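**Student:** Build out the structure end to end from the sequences listed, making use of the hints.
Protein sequence lines correspond, in order, to chains D and F.
With the first letter of the first sequence counted as 1, position 415 gets the number 415 in my numbering; the numbers rise by one all the way through.
With the first letter of the second sequence counted as 1, position 51 gets the number 51 in my numbering; the numbers rise by one all the way through.
Derived by calculation from the structure, the hints in this document are not laboratory data.
Some hints here could point you the wrong way.
Since the list can't tell identical chains apart, any single copy or any two copies may satisfy a pair.
Claimed, not checked - Taking lysine-lysine and the DSS-like style, the derived pairs with C-alpha atoms no more than 25 Å apart in a straight line are: (1) K337 / K3; (2) K152 / K213; (3) K57 / K289; (4) K241 / K3; (5) K338 / K135; (6) K325 / K76; (7) K213 / K33; (8) K304 / K57; (9) K152 / K258.
Given the structure is predicted, the values throughout are model-derived calculations rather than measurements.
Okay, here's what each chain looks like letter by letter:
There are 2 protein chains.
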Amino acid sequence: MTKQRSLIRDCPQHIGQEARLSGWVQTVRAHGKIAFFDLRDRSGILQIGAFTPELAKQVADLHPQDVVSVTGIVKKRGENYINPDAVFGDMELEATRIIVLHRALEMPFDMGGKELHVELPTLLDYRSLTLKHHKISSIFIIQAALADQFRKLARELDCLEIFVPTIAAGATEGGSEVFPIEYFEHRAFLTQSPQLYKQMLVGVFERVFTIAKAYRAEPSVTTRHLTEATQMDIEIGFIEKFEELLDALEFVGTGMIKNVSEQHGDILKQFEVAMPLVPTTVPRLTFRKAQEIVSQRTGRDLSKELDLNPEDEKEICEWAKEKHKSDFVTITHFPTKKRAFYTLPDPENPEYSLSYDLLFRGLEILSGSQRIHDYEQLVSAMKAKNVSPDNFAMYLMAFQYGMPPEGGFSFGLERLTMKLLELANVREASLFPRDMERVDMRLSLHNEEPTKTSGQKNQ
Amino acid sequence: MTKQRSLIRDCPQHIGQEARLSGWVQTVRAHGKIAFFDLRDRSGILQIGAFTPELAKQVADLHPQDVVSVTGIVKKRGENYINPDAVFGDMELEATRIIVLHRALEMPFDMGGKELHVELPTLLDYRSLTLKHHKISSIFIIQAALADQFRKLARELDCLEIFVPTIAAGATEGGSEVFPIEYFEHRAFLTQSPQLYKQMLVGVFERVFTIAKAYRAEPSVTTRHLTEATQMDIEIGFIEKFEELLDALEFVGTGMIKNVSEQHGDILKQFEVAMPLVPTTVPRLTFRKAQEIVSQRTGRDLSKELDLNPEDEKEICEWAKEKHKSDFVTITHFPTKKRAFYTLPDPENPEYSLSYDLLFRGLEILSGSQRIHDYEQLVSAMKAKNVSPDNFAMYLMAFQYGMPPEGGFSFGLERLTMKLLELANVREASLFPRDMERVDMRLSLHNEEPTKTSGQKNQ
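**Tutor:** Structure (structure tokens):
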């Protein structure tokens with residue numbers, strides 16, 4: 001293998017020349033004395049042609065997912081042989097030498113089609129295989145782009161990136177849905193969000209962002225929840241008007257979705273998803289106003305409801321699309337009772353809070369609020385929610401040494417990925433999803449004791 | 001507060017004009033009828049002057065860390081009043097109106113000087129306060145820049161960002177230093193690194209990177225270890241020569257440190273740290289050759305040692321600086337026995353492995369290796385290290401469905417931050433460090449049961 005490896009995306013520059021490509025065998029088409037296969041590398045897929053009996057026989061023996069290195073001549077295909085559906089469908093590599101670097105086992109199911117037709121448990125049980133399917137891996141190209149855009153937009157808001165802990169001494173936000181950790185002689189817990197840490201750091205850096213893990217021990221299996229999720233958080237100090245927070249969340253929320261959709265229009269097309277409707281001004285409704293609209297449209301009485309349920313969210317998004325040509329709608333002023341202790345009640349009507357959700361195509365993709373920044377008010381709010389201030393000594397200290405009015409918001413990365421591609425289940429939007437029944441493989445299959453070795457160095 | 005807030009960094013554009021600034025009071029200097037204070041916001045520090053008796057009295061009543069909004073006229077200072085040590089030392093705001101937004105408690109220690117003179121336990125017990133000190137917060141500006149540069153350089157290597165789980169069914173890399181989690185009816189563990197997941201994803205994306213948490217339940221307290229650390233990982237497939245991995249790690253390792261040092265020369269200066277010596281070619285030594293050099297220089301016999309200890313690392317870095325004008329040195333071919341099961345033994349001499357460390361100014365800042373990519377060899381290596389293959393079903397599957405030759409490496413973000421600024425303890429390089437005795441506050445102080453609330457929505 002003397003010739004330097006080329007990537008498939010560079011082939012247009014090598015027409016008529018020799019090139020050596022490396023990658024995975026996709027589908028094999030053997031026709032006796034000639035044979036073809038599709039080769040995939042990180043940059044694309046290209047057809048390889050084998051036109052001698054020896055090479056054709058070698059290709060006939062290849063299996064999908066075998067790892068190979070192929071030397072040959074890059075050629076333009078004849079008019080009649082162009083595949084208009086493939087990015088590099090107008091060229092192929094005429095092989096002169098094929099070396100197999102790694103043999104794959106026989107596929108347990110068909111990996112060749114445009115869609116991968118397997119049930120969810122199989123999709124997840126065979127994760128290191130199913131992720132190789134072009135459509136499945138595309139999900140995570142979208143996910144990486146969303147995270148990248150989030151950071152870019154957060155920096156445009158002048159936020160500093162912070163790295164906050166996931167091991168906490170108490171339940172982050174109150175609530176009992178926490179995972180306990182055996183922490184030496186003590187008991188600790190996995191954080192439910194980076195919330196408390198990002199708030200503390202507003203007192204230091206004013207504007208911060210983080211991408212962090214959030215753990216929820218919800219003892220139920222739904223299509224929208226993971227026990228371990230990735231959260232994209234922003235927190236902003238020196239808020240002078242509640243609307244500044246709405247401006248910021250709409251800037252980041254619509255910006256992320258718009259930019260990623262434009263960058264990856266090909267993937268949206270593959271998932272048969274329309275380009276998002278991003279209005280100049282996102283419609284804003286109070287929770288009560290949103291309820292009224294839903295009531296008017298459906299005839300349902302929501303006056304006693306304290307939250308929007310998934311059907312309500314869908315309905316209000318339909319309204320936004322019809323009236324404002326917008327796939328986004330911001331809902332504000334949720335009942336104080338239903339939000340976490342740190343949420344600032346509306347001074348003009350404390351039954352409702354200075355909170356908000358951003359809905360996108362029928363689903364809440366962001367949640368947040370202006371926070372209580374007064375120490376005494378915060379301690380009272382904790383007590384009213386049965387959260388013990390003793391567990392939050394370091395958090396509370398931040399509110400004793402100069403905290404500006406502040407607020408923030410958070411996106412779930414997997415949920416956002418799911419919604420943008422209209423996936424049926426949030427598990428499809430996590431590389432290795434965790435739920436009540438699964439940590440990689442189904443938990444019932446595991447040997448549960450860690451194995452022991454010693455004195456070695458990792459990495 | 002009708003006038004829009006300006007940032008301190010914008011003041012040079014407002015000379016002679018009215019501006020309104022918001023931020024934290026730093027030091028107050030009251031001289032009877034006139035008074036001054038330093039105001040800090042996210043963009044800088046500016047002196048505020050109060051030249052009427054009323055305003056001077058108001059300033060005299062301010063405390064450090066009070067949150068204020070100040071309206072006034074931005075003025076150039078007279079020649080004799082310029083402070084050459086401050087970025088905005090040639091201007092000040094002549095106040096016309098001061099509004100206190102939030103009162104801070106009396107400081108428990110002096111926050112005013114160039115250095116914060118407190119012991120480590122105090123530094124950490126009062127974290128939401130001590131982080132406000134200019135020199136302490138600078139550490140985390142360096143940290144954010146390192147992470148940002150890591151991602152930038154990883155993308156230049158064509159790596160895709162991945163988000164991998166931290167809850168695992170078995171010990172990630174073997175070893176007993178894992179934290180168990182009560183995972184519903186099961187027992188799970190916090191991952192010791194993103195290692196196994198990034199390897200699996202090489203089979204999908206070829207080149208990947210991630211910034212992830214790594215948990216180590218080391219029952220000891222040292223200056224170099226945290227129980228929860230942030231790891232920056234890269235993994236690269238289709239390796240054809242071991243040296244490609246060395247090229248990649250040196251590209252990222254030296255690039256990060258060089259770029260961050262150039263961006264933040266002011267912070268390096270503040271920490272009295274010299275600009276790093278980055279050679280065109282990083283010197284490379286095998287482990288045995290490095291030992292020989294250390295032996296020659298110190299007279300110590302290392303022939304029976306299977307690893308470099310901290311003193312050896314310092315000595316070999318001295319050598320690299322003297323002989324190659326380099327603050328970096330790459331050490332390769334560590335004994336196979338001392339590395340994790342997935343490390344590829346050197347085919348020419350399996351007692352040593354295709355592994356490496358990157359040392360910077362006497363400390364290992366990166367570790368990695370080419371990996372075993374053959375399934376049978378991997379299972380044998382696991383068994384030889386007493387790691388049960390049963391716990392790694394999904395990981396092993398990746399090596400059955402087409403895995404190219406691959407390798408990778410990983411940096412500890414906190415350790416790198418510590419080393420670049422020559423901090424004495426890695427805890428200083430973590431916003432909220434976790435160790436055996438501390439989760440925010442010292443563990444002995446905690447109430448250890450989570451509090452209960454229900455039916456609320458977080459964020």
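**Student:** Look at each hint and say if it fits the structure.
**Tutor:** Okay, the hints, checked on the actual structure:
1. Proximity of K337 and K3 under a CA criterion of 25 Å is satisfied in neither setting, with 68 Å inside one chain copy and 35 Å between copies.
2. Taking CA atoms no more than 25 Å apart as the test, K152 paired with K213 passes in both settings, with 19 Å inside one copy and 22 Å between copies.
3. For the homomeric pair K57 and K289, neither the shortest alpha-carbon distance inside one copy (70 Å) nor that between copies (48 Å) is at most 25 Å.
4. In this assembly of identical chains, K241 and K3 lie within 25 Å of each other by CA distance solely across copies; the values are 13 Å between and 63 Å within a copy.
5. Taking CA atoms no more than 25 Å apart as the test, K338 paired with K135 passes in neither setting, with 39 Å inside one copy and 41 Å between copies.
6. When the C-alpha separation of K325 and K76 is checked against a cutoff of 25 Å, the pair qualifies neither within a copy, at 44 Å, nor between copies, at 51 Å.
7. Neither within a single protomer nor between protomers do K213 and K33 lie at most 25 Å apart by alpha-carbon distance, with minima of 54 Å and 53 Å respectively.
8. In the homo-oligomer, the alpha carbons of K304 and K57 never lie at most 25 Å apart, since the shortest distance is 72 Å inside one protomer and 53 Å across protomers.
9. Taking the closest pair of Cα atoms, K152 and K258 come within 25 Å of each other both inside a single copy (13 Å) and across two copies (22 Å).
In summary, the structure is inconsistent with hints 1, 3, 5, 6, 7, 8 from the numbered list given earlier, while agreeing with the others.
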